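Could you build the full structure based on these sequences and the hints that come with them?
Now for the letters of each chain:
4 protein chains.
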Amino acid sequence: MSTNTSTTTVFKRRESEARSYCRGFDTVFTSAQGSEMTARDGQTYIDFLAGCSSLNYGHNDPDMKEALIAHLQADGIAHGLDMHTNTKADFLETFENVILRPRNMDHKVMFTGPTGANAVEAAMKIARKVTGRSNIVAFTNGFHGVTQGALAATGNGYHRGGAGLPLNNVTRLPFDGYMGQGTDTADYLEAMLNDPSSGLDAPAAILLETVQGEGGLNAARPEWVQRVARLAKEAGALLIIDDIQAGCGRTGTFFSFEEFGIDPDIVTMAKSVSGFGLPMALVLVKPEHDVMGPAEHNGTFRGNTHAFITARVAIEKFWSDNAFQDDIARRAKIVEKALQEIADMVPGSRLKGRSMMRGVDVGSGELAGDICARAFQNGLIVETSGPNDEVVKILAPLTTPDAQLEAGLSILKDAARDVIGTTKVAAE
Amino acid sequence: MSTNTSTTTVFKRRESEARSYCRGFDTVFTSAQGSEMTARDGQTYIDFLAGCSSLNYGHNDPDMKEALIAHLQADGIAHGLDMHTNTKADFLETFENVILRPRNMDHKVMFTGPTGANAVEAAMKIARKVTGRSNIVAFTNGFHGVTQGALAATGNGYHRGGAGLPLNNVTRLPFDGYMGQGTDTADYLEAMLNDPSSGLDAPAAILLETVQGEGGLNAARPEWVQRVARLAKEAGALLIIDDIQAGCGRTGTFFSFEEFGIDPDIVTMAKSVSGFGLPMALVLVKPEHDVMGPAEHNGTFRGNTHAFITARVAIEKFWSDNAFQDDIARRAKIVEKALQEIADMVPGSRLKGRSMMRGVDVGSGELAGDICARAFQNGLIVETSGPNDEVVKILAPLTTPDAQLEAGLSILKDAARDVIGTTKVAAE
Amino acid sequence: MSTNTSTTTVFKRRESEARSYCRGFDTVFTSAQGSEMTARDGQTYIDFLAGCSSLNYGHNDPDMKEALIAHLQADGIAHGLDMHTNTKADFLETFENVILRPRNMDHKVMFTGPTGANAVEAAMKIARKVTGRSNIVAFTNGFHGVTQGALAATGNGYHRGGAGLPLNNVTRLPFDGYMGQGTDTADYLEAMLNDPSSGLDAPAAILLETVQGEGGLNAARPEWVQRVARLAKEAGALLIIDDIQAGCGRTGTFFSFEEFGIDPDIVTMAKSVSGFGLPMALVLVKPEHDVMGPAEHNGTFRGNTHAFITARVAIEKFWSDNAFQDDIARRAKIVEKALQEIADMVPGSRLKGRSMMRGVDVGSGELAGDICARAFQNGLIVETSGPNDEVVKILAPLTTPDAQLEAGLSILKDAARDVIGTTKVAAE
Amino acid sequence: MSTNTSTTTVFKRRESEARSYCRGFDTVFTSAQGSEMTARDGQTYIDFLAGCSSLNYGHNDPDMKEALIAHLQADGIAHGLDMHTNTKADFLETFENVILRPRNMDHKVMFTGPTGANAVEAAMKIARKVTGRSNIVAFTNGFHGVTQGALAATGNGYHRGGAGLPLNNVTRLPFDGYMGQGTDTADYLEAMLNDPSSGLDAPAAILLETVQGEGGLNAARPEWVQRVARLAKEAGALLIIDDIQAGCGRTGTFFSFEEFGIDPDIVTMAKSVSGFGLPMALVLVKPEHDVMGPAEHNGTFRGNTHAFITARVAIEKFWSDNAFQDDIARRAKIVEKALQEIADMVPGSRLKGRSMMRGVDVGSGELAGDICARAFQNGLIVETSGPNDEVVKILAPLTTPDAQLEAGLSILKDAARDVIGTTKVAAE
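Chains as they are written, first to last, in my numbering: chain A, 81 to 508; chain B, 81 to 508; chain C, 81 to 508; chain D, 81 to 508.
Calculated directly from the structure, the hints in this document are not laboratory data.
The list treats identical chains as one, so a pair stands whether inside a single copy or across any two.
Calculated cross-link-like contacts (lysine-lysine; reagent style DSSO-like; alpha-carbon spacing at most 27 Å):
#1 K92 with K397
#2 K366 with K92
#3 K413 with K397
Keep in mind that this is a model prediction, so the values were computed, not measured.
Spelled out as structure tokens, the structure:
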């Protein structure tokens, strides 16, 4: 497969250098269905990136598509600011009945500007307003977005450097496992919180991902998250779970923390929440912390009406019973088995993440990058993550049929085998 | 017309208190076409708010709708991160040919997260990275969004208060006209820039709206904008025009500054850029300032594929020749005449804004609010703006047929007359 | 007079490049009495700099000296942290009886670390704690010190640049006269304070010098200061008068604002408050704002015991009756007359400041610097100030005998005449 | 001994509530010699606080006193801004010959405003200017002063709270021992520095006290300090040793780090540097980092001339040979033995600090406070430190004759015994 230089000229000529994924996947995509994308040249690709977990239900789900077309044909509202619409009402009722109520959650739903970063910004503002405190605890290798407030909570130095400003009002503490197996980093958090001279200003919130997607698929242990939740409560700080990448089924349940027995004050969601890949973000906030006044955190596109339609269909279709969860669990085992095979090829490598948010740390960004590049040549879209891009990360649609999942994993294993073979030859 | 309490229960029960427009326009909208919105109860409304200038071409433009349905039916990409897609290529080529080239602009196009605030955040980061400076000059009554970086540049105290943090790295200076007719505020800007002891840290950028939409439809004089542009250049600062509300034809031309003879380093766009009200935002940046590295400013929904389709159709349909501009100019006169009639009813009131971004400052937020409320009762959606909500603001779709425009203005005039009459009676 | 290169080697070799005044006055001083300093080579100089207004009572006042020697001989406390000492008690009683009570001031006295900057930092902290607000209004060309908090309030770009950080939480507004004669800058302050969308966050304090010493001897009009005081009160902001340079008689009365009829919430003092040039600083704060808890703002050298002794003597000697004030007034006229003669030599120049804090703006830093350099050659120590060092500034000891004052002024006039003559010749 | 209420009225009436030590030591001191202070009522006290280590050579050292009186009698310069004076030259030459040269240090000497906080502020500015970075690493329980820049580096929450502002641009990391014996906190520092996604912005400096005085006499292990020094160098960060409390012989050598084999880029000094308790502070900075321009960090009282005299005498008298160091070592053993006896009385208590900067952590602030209060009743001035004031801290003058040292320790042991006895009785 060759690079489509002729057809990508306009991007080079006119699009900003900030463009990124198109550099690694250098072709022009024209259509997609389920877990497969098709390029202009007819080449098809299995998609193990899934819009960075924005397409957990695959591309162009037929039911969502049908509902959206019907809405368009009926001149349904396309843009309604935050006015009442029937589509928003329907989404809210479905979300309440299918998602919140069965999980004993009575959070209010706040529609922010339709980006994850915007949801995080809103969550941080709420926590600061509720507590009257400015500091927020975030963790090593966390990723929460690149607008100024969210970026302060993001660990990645490359992104931080883009601010052109010191990023402040966030205290960085070590995530679970960051200091090796012998040290429980929650001990350090507890010591800092309880020592009046530690220099940790009383936090408005503790903000974390249960699985750090961009940070290298670091999965926190349930007991660590539970303890952090307890420490937050004791410290008068809100617990914010950023479930933007790990939520919507990616880790096996709708929320990534369902099996932990915690009760977050705030949950941020985006990516797959619209079901269809359309821009949408929301903040779930406990009623007692729902303190933003009318339009205090506003935004023209808060509440994307088209996304309400597809989001409602997604929830009805996939979360009304346990069938989908069971599917995810089964597929997660398939993925794990394949990744273990890759891990076995690379001395010192190890599996990362959990459920369908899995990867293998192959120890070097160069190796991981080579594997992904080779896989792309063979028809698989897959990406790296981690501080040094050292983790080959699989974010396949959760709906990927088993055969297609196996096919994609097979390409990946071959790519790993090829690259490692080449590397060894080169090294000899 | 009565409030639909029974049908809005779910919003009260489940949506955050941050919801806003739905409070003033308390009905449930179900469909919309052109300049008219229809509620669940069958009531229709002329829309003079137009998604806060996000629907400059009206609701559900048939050509855009048709193109989007065709795309959906063909399983076109719905979400593609920032990968190459044919729809993005088509948008870029159209934007280049129809918008940029005829205006002698060679700006690069950066797709940010699809909110205006995100575009502003990116613009501020670019300016800081280009110059190595942290300070940005923004103006009294400016509105640029509510994420932390953009919010620092926003003047509104209610929104600023939501941050729960001091908002810094922005120097506020007086907008054109802020100090009354006798004082050219550009004199003060110039003095501050040239005085090494003024306390104004050398700015990375000067950021402004040519017409301040939320700030009360304050329209800067061309010569003031030109002088600010010159001062920015002399100071080594980038000029950022925030054209999110004033762009896309709202002030008579595609960009609000076309007739000023200035050459902004960066332009931020959102709202009507997708044409259809879909979330989309972009930053135009001169090639020499296109310094953000790959994904340095990233975001999952940067580049909304559906929006690329409608945006391309909008540009082809409305901006390929001068017909639309001429229409806008004609309609602007109709609006101005009606607003002058309202102004004549209220002693001390005055017209604000320019072209189809017009309003009347009636001197009090209470009066302006009463007029809008009465208009809504009579089938017109219209809002206030300004520091004290004292401006009745008309942001009708630019495509509103003359008869419908006159009908809406007629409702507004009647509302003003009714409210003022009532007020006088009450005062007597 | 030649430079003493041989004797200044150790400074060049070992002292930091941050050293400053020694560069312009390049000799080694060994003793001083009254208004005269003597160098190692026997050369004497009339001192019109007076430790930047730290030696308002001249060098080595015999009464203060005698008291300090007696204290030393009796093994009086040299360092007592902030413990009770008889010397501190004596100072407090004298300050209360001679200074505060006759002026109807019931301010508490807070001893901070013995630098003006430290007093300003404390004042800013108090205002923020009292109001719960973070923002402080300071003015163009203000100078308040170079530690991080005080530096944020300082206008000078060279000093600000030394921070290596954005300096924040201060809003800069135009000082009286900054926008020319036609504009009362208090109008702008008032507009900003009353406009909820101005972008001016509600200030904790308004901080100003009534005469800006470093900023170019800009003397605010009494009515401007009065209005600012009123606006501060209305805005719930504390009024902080930084009287570090302008206080202790420099402007004719003990406090610079005595004749303005204002009642500042906080006054910062340093420089001449010890009388003898010893490090000492204090903050006067109204009892209702005395909110710093025990040691909340601490510092090892807060309360310099030796300085308490000389400060007490200074107050008793100079402020027990009106004789000293009358002397100052008479001398101020002598200074004014001489400066007017210099102003008459330089087209476009103008007098700055008031009372014994006077200077002449000669329009260029180069010219002002040449005049001071020539004066030094002829036995006069005098410095420049202002944004571009364009003001020849006289800060002679207030105790300078008339004959010596005339002698110094004579040297200065000659220097001006020489330099201007030379400049004219060079220009021809 | 009763409280002198009648004589302390003026303090209560007129001095700010910020006063502190006077509350615990509620008498009025009038004179002092060596290690003894005398109150107005004739009562004498052994001083184990020594101006918080500002009086390492005791009160009113006769040689320093004599030199200062001679200077006064000769009308030597009392205040000279930063002009050349013979006293400054003499100090610099002595400091160079006796302190710097024998230790192979070629640091430049920068005289800052005469407070430790000011020296720390200057050091932070230098590091930021040298590196172009804003972040500075400081440690849990560190204390560096309460002006805004220094306060950001200070851990104490009570002092931080006084800022009324978020304190930023400092990253807090765990000091040696903070995470218990099993964890070397330098591992965490190293991981943070080397992980591009850790969220630790590249630091301008690493700032530390080798023994944390206010933080509870935490003494870092030499190997930890050495490793931190190495990590700083590798990270391109300057190493700043804050030797304000631990320097000038307090830990057995002139600098606290002499025996560690490290070469700090910057050292901050204050407290005992003047020898006599007079306000003085300085920054030692390697020539290649001496980047502050003339007056870029200025201050009226930088370079206290009286302090130059006493400082020079102190250095000549105590540091010209090893006799004083040997004395310190011997006395440190006496102190250690006594503190061990106290530690033996309190289960779970432990010795803290090193050399003559020693204390005993008795496990509770209440107990430590009671011991100090009882000791004061019996004629000993001694204070607590630590996050919860749980450490009884001895900072006796280094010159205290052995008999007087034993006498003071005896009072302290009795106080401990009394208080513990009482506590036990109360508990029973």
